[in-house]
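Below are the chains, spelled out letter by letter.
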Amino acid sequence: MPITDDQIFSIRDIIDSQLETREKRRIGRVSDIEAIWQEDGTLVLSSLVIGPQALAGRIASPIRSIVRFVLRDRFDHRIPLDDVEDFGPTLRLRGSAADYPVGQSDAWIANHILRWIPGSGH
Amino acid sequence: MLRKRCAGPLLLVLLTVTGCQLTQSAFSRTVGNAGAVFSAASTTLSYAHEGKITSAYAQASFVNYQSELDGLDQQLPSQQGAPDKRTVQHLLDLYRPAIQAVIQPCLEESCHWQAQVAALNRASQAFLMAGG
Amino acid sequence: MKKWLSITLGIVTATGGFLDAGTIATSGESGARFGLGLIWACLIATVAIILLVEMMGRFSAISKKTYAEAIRENFGFKFYLLPLLSEVIAESILLAAEIGGIAIALSLMTGISWRILFPPAAFLVFAMAWRAPFDWIENAPALLGLVTLSFIVGIIALGGPSHQLLSTLWKPEVKQGELADYLYLVAATLGATISPYLLYFYSSGAREEHWTSNSLLLNRVTAIVGMSFGSLGSIALIFLGAMVLQPLNMQGSSLGELGLSMAKALGPFGALLFAVALFATCLGAALEVVLGVSYNIAQGFGWEWGEDKKPVEAARFNLVLIIFLLVAVAIGLMGIDPLQLALAGSTVIALFLPISLFPFLVLMNDPQYLRDKTNGRFSNIAIICILLIAFVVAFVSIPLEILSGGG
Numbered sequence: 001m002p003i004t005d006d007q008i009f010s011i012r013d014i015i016d017s018q019l020e021t022r023e024k025r026r027i028g029r030v031s032d033i034e035a036i037w038q039e040d041g042t043l044v045l046s047s048l049v050i051g052p053q054a055l056a057g058r059i060a061s062p063i064r065s066i067v068r069f070v071l072r073d074r075f076d077h078r079i080p081l082d083d084v085e086d087f088g089p090t091l092r093l094r095g096s097a098a099d100y101p102v103g104q105s106d107a108w109i110a111n112h113i114l115r116w117i118p119g120s121g122h
Numbered sequence: 001m002l003r004k005r006c007a008g009p010l011l012l013v014l015l016t017v018t019g020c021q022l023t024q025s026a027f028s029r030t031v032g033n034a035g036a037v038f039s040a041a042s043t044t045l046s047y048a049h050e051g052k053i054t055s056a057y058a059q060a061s062f063v064n065y066q067s068e069l070d071g072l073d074q075q076l077p078s079q080q081g082a083p084d085k086r087t088v089q090h091l092l093d094l095y096r097p098a099i100q101a102v103i104q105p106c107l108e109e110s111c112h113w114q115a116q117v118a119a120l121n122r123a124s125q126a127f128l129m130a131g132g
Numbered sequence: 001m002k003k004w005l006s007i008t009l010g011i012v013t014a015t016g017g018f019l020d021a022g023t024i025a026t027s028g029e030s031g032a033r034f035g036l037g038l039i040w041a042c043l044i045a046t047v048a049i050i051l052l053v054e055m056m057g058r059f060s061a062i063s064k065k066t067y068a069e070a071i072r073e074n075f076g077f078k079f080y081l082l083p084l085l086s087e088v089i090a091e092s093i094l095l096a097a098e099i100g101g102i103a104i105a106l107s108l109m110t111g112i113s114w115r116i117l118f119p120p121a122a123f124l125v126f127a128m129a130w131r132a133p134f135d136w137i138e139n140a141p142a143l144l145g146l147v148t149l150s151f152i153v154g155i156i157a158l159g160g161p162s163h164q165l166l167s168t169l170w171k172p173e174v175k176q177g178e179l180a181d182y183l184y185l186v187a188a189t190l191g192a193t194i195s196p197y198l199l200y201f202y203s204s205g206a207r208e209e210h211w212t213s214n215s216l217l218l219n220r221v222t223a224i225v226g227m228s229f230g231s232l233g234s235i236a237l238i239f240l241g242a243m244v245l246q247p248l249n250m251q252g253s254s255l256g257e258l259g260l261s262m263a264k265a266l267g268p269f270g271a272l273l274f275a276v277a278l279f280a281t282c283l284g285a286a287l288e289v290v291l292g293v294s295y296n297i298a299q300g301f302g303w304e305w306g307e308d309k310k311p312v313e314a315a316r317f318n319l320v321l322i323i324f325l326l327v328a329v330a331i332g333l334m335g336i337d338p339l340q341l342a343l344a345g346s347t348v349i350a351l352f353l354p355i356s357l358f359p360f361l362v363l364m365n366d367p368q369y370l371r372d373k374t375n376g377r378f379s380n381i382a383i384i385c386i387l388l389i390a391f392v393v394a395f396v397s398i399p400l401e402i403l404s405g406g407g
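Residue numbers (the working numbering), protein chains in the order written: chain D, 1 to 122; chain U, 1 to 132; chain W, 1 to 407.
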């Protein structure tokens with residue numbers, strides 16, 4: 001459902017929502033949201049964050065530091081808010097799965113792990 | 001924290017309300033269970049020879065009975081609630097031929113399977129009685 | 001016509017969800033140790049699960065969301081971790097128990113030790129979960145599971161219960177020192193029956209079958225008929241245990257023992273029927289458990305999921321499935337008797353039941369998900385009662401397990 005001017009969104013409407021690409025492929029859920037301070041003092045939402053570090057941070061901040069130490073930012077990805085075409089319980093993105101690093105996780109597992117198992121459809 | 005503080009009074013209430021013993025000693029429980037398993041073994045062996053179950057069924061069942069009864073002779077003497085040494089020794093004397101029947105149950109017609117059933121029954125009765 | 005063929009979704013959910021290694025274990029032991037004195041617990045559990053399954057189906061049909069999706073979206077990630085963690089622990093144990101049940105069923109038919117048959121049994125579960133379309137997973141164990149009707153034939157063949165036995169229905173005989181065991185079996189019966197994996201599986205199944213608001217009658221019928229059918233099998237096992245095992249002083253502490261009652265009733269064919277029933281119900285349950293927890297994780301984290309997709313199309317979902325099966329095989333190879341594993345798994349489920357069921361109370365009253373089909377007063381009172389039972393069961397399950405030495 002497209003945003004109308006009189007709809008008020010809370011963080012809760014976006015965080016934990018399902019992310020779907022243009023071709024209706026599910027790639028993950030919003031783990032966190034980044035915001036930037038503007039010059040006029042307002043806080044503007046800039047990008048969606050998806051990844052284990054962000055999730056760890058939602059449990060407790062010290063855990064995020066530990067997870068960051070282990071994973072070193074390799075599995076956390078950002079998607080600019082502009083890429084979101086439709087808001088709602090499911091966020092529809094403009095791009096296709098290949099456009100987003102987090103959308104490539106399934107493909108990576110398919111190509112590197114599942115391919116060795118017969119019947120995987122690889 | 002709440003659990004610890006409530007568990008005590010809760011158990012006390014249960015005990016007073018029911019007026020009966022909540023649980024048995026470890027010894028009673030062990031011998032009671034063993035008696036039941038010996039009975040199951042005896043029934044299984046009899047059924048196999050009465051044609052009520054196939055020998056495949058019986059064989060598979062005995063594997064389970066064996067793992068339930070294994071090591072009982074080591075466990076018994078030192079269990080909490082064990083009675084005098086004579087009773088325990090009597091139980092162990094009956095345990096030995098019975099466990100042999102469980103480890104190598106005689107499923108053909110040609111062997112002394114009736115003796116095995118008798119040994120299992122004796123052990124079962126004695127263990128169940130010791131369990132109370 | 002296809003809609004009414006879909007009633008098998010309810011029957012397999014019952015066959016695998018209600019009847020499984022856990023309920024077979026608790027039913028058999030209940031009958032052997034306490035006669036008919038635990039049937040009341042079985043009936044309460046049946047009513048509870050019928051209500052929960054109907055609500056779950058209604059929720060997914062109208063909101064087009066599964067339980068796990070709704071929990072994460074509505075309560076946030078932090079809360080979602082609680083049912084997630086409890087599911088991961090409980091279902092790992094339970095999956096090992098179900099595969100063990102399949103292995104024992106095969107051992108009773110072939111005479112080969114169940115430990116050797118455990119890996120092939122796990123492989124069978126894997127093969128079906130990996131490639132079989134949702135339809136097959138629905139139908140195959142369900143049809144085999146109809147064999148549980150033979151338990152009733154067994155009761156009739158034995159001449160039915162005596163008057164003395166029937167009196168234990170309302171006056172259970174609990175001997176000195178057995179109260180903890182009795183109460184433990186009550187908790188285990190409730191935990192074995194009201195299993196959250198069933199709900200995750202059923203709500204995902206409703207989505208796999210593309211249920212809509214037109215499916216509500218179908219949902220209601222499958223919930224009531226399916227779960228009642230499962231309950232019938234459970235109660236029949238209690239009767240058989242009470243009629244045959246109890247007089248012989250057995251305690252029903254191994255799965256093979258429970259088949260002896262069918263052997264007495266119908267001879268070797270009866271024993272075979274028991275083994276087939278055990279096989280079918282544990283296979284159905286193993287599939288529901290492994291899929292239920294995989295659905296939970298994939299949906300909670302927003303990955304692709306679905307049994308009608310090729311594995312590479314839902315790679316993370318299928319990888320989780322494989323990992324769980326490997327963990328179950330590892331647990332199984334430790335050699336712990338499947339019946340004991342089933343009881344342990346049921347205890348863990350009982351412990352976390354309030355957390356797993358609490359979201360129901362909120363979600364079933366949210367018009368954003370359910371539009372005009374939110375819960376009426378009766379349904380809400382029912383959920384509160386079930387939650388109260390769940391709390392009591394959770395509270396006493398660990399102390400009772402300790403007191404009764406693990407049942």
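Keep in mind that the hints were calculated from the coordinates and are not lab data.
If you're wondering where the values come from, they're calculated on a predicted model, not measured in any experiment.
Some clues are possibly wrong.
Listed below are the simulated DSS-like cross-link pairs for lysine-lysine, each with C-alpha atoms no more than 25 Å apart in a straight line [stated by the list, open to error]:
#1 W:LYS64 with W:LYS310
#2 W:LYS310 with D:LYS24
#3 D:LYS24 with W:LYS171
Heads up, incomplete: computed chain W residues facing chain U, CB under 10 Å, no partners named [unchecked claim]:
#4 GLU178
#5 ALA275
#6 VAL276
#7 LEU370
The calculated label-pair distances, taken between Cβ atoms and stated as ranges, are [what the hints assert, rightly or not]:
#8 W:GLY160 with U:GLN80: 23 to 31 Å
#9 W:PRO120 with U:GLN80: 14 to 22 Å
#10 W:PRO133 with D:ARG68: 37 to 45 Å
#11 U:GLN114 with D:GLY121: 29 to 37 Å
#12 U:GLN66 with W:PHE134: 36 to 44 Å
#13 W:LEU82 with U:ASP93: 52 to 60 Å
Think of the CB as a built atom: it goes at the ideal place given N, C-alpha and C, for glycine as much as any other residue.
Checked hints:
Restraint check for LYS64 (chain W) and LYS310 (chain W): satisfied, since their Cα atoms lie roughly 22 Å apart, inside the 25 Å limit. Our distance criterion of 25 Å between C-alpha atoms is met by LYS310 (chain W) and LYS24 (chain D), whose separation comes to about 16 Å. Taken as a hint, the LYS24 (chain D) and LYS171 (chain W) pair is broken in the structure, with Cα atoms around 59 Å apart against an allowance of 25 Å. The interface hint given for GLU178 (chain W) is met, as the beta carbon of that residue sits about 8 Å from the closest beta carbon of chain U, less than 10 Å.
Proximity of ALA275 (chain W) to chain U holds as hinted, the smallest CB-CB distance being about 7 Å (cut-off 10 Å). Restraint check, VAL276 (chain W) versus chain U: the minimum CB separation of about 12 Å is more than 10 Å; hint violated. For the restraint placing LEU370 (chain W) at the interface with chain U, the shortest Cβ-Cβ distance is roughly 34 Å, beyond the 10 Å limit, so the hint is violated. For GLY160 (chain W) and GLN80 (chain U), the Cβ-Cβ distance of about 42 Å falls outside the hinted range of 23 to 31 Å, so the restraint is violated.
Between PRO120 (chain W) and GLN80 (chain U) the C-beta distance comes to about 41 Å, which lies outside the given range of 14 to 22 Å. For PRO133 (chain W) and ARG68 (chain D), the hinted distance range of 37 to 45 Å is satisfied, since their beta carbons lie about 42 Å from each other. Between GLN114 (chain U) and GLY121 (chain D) the beta carbons are some 60 Å apart, a value that contradicts the proposed interval 29 to 37 Å. For GLN66 (chain U) paired with PHE134 (chain W), a C-beta distance near 41 Å keeps the hint of 36 to 44 Å intact.
The hinted range of 52 to 60 Å is satisfied by LEU82 (chain W) and ASP93 (chain U), whose Cβ atoms lie roughly 54 Å apart.
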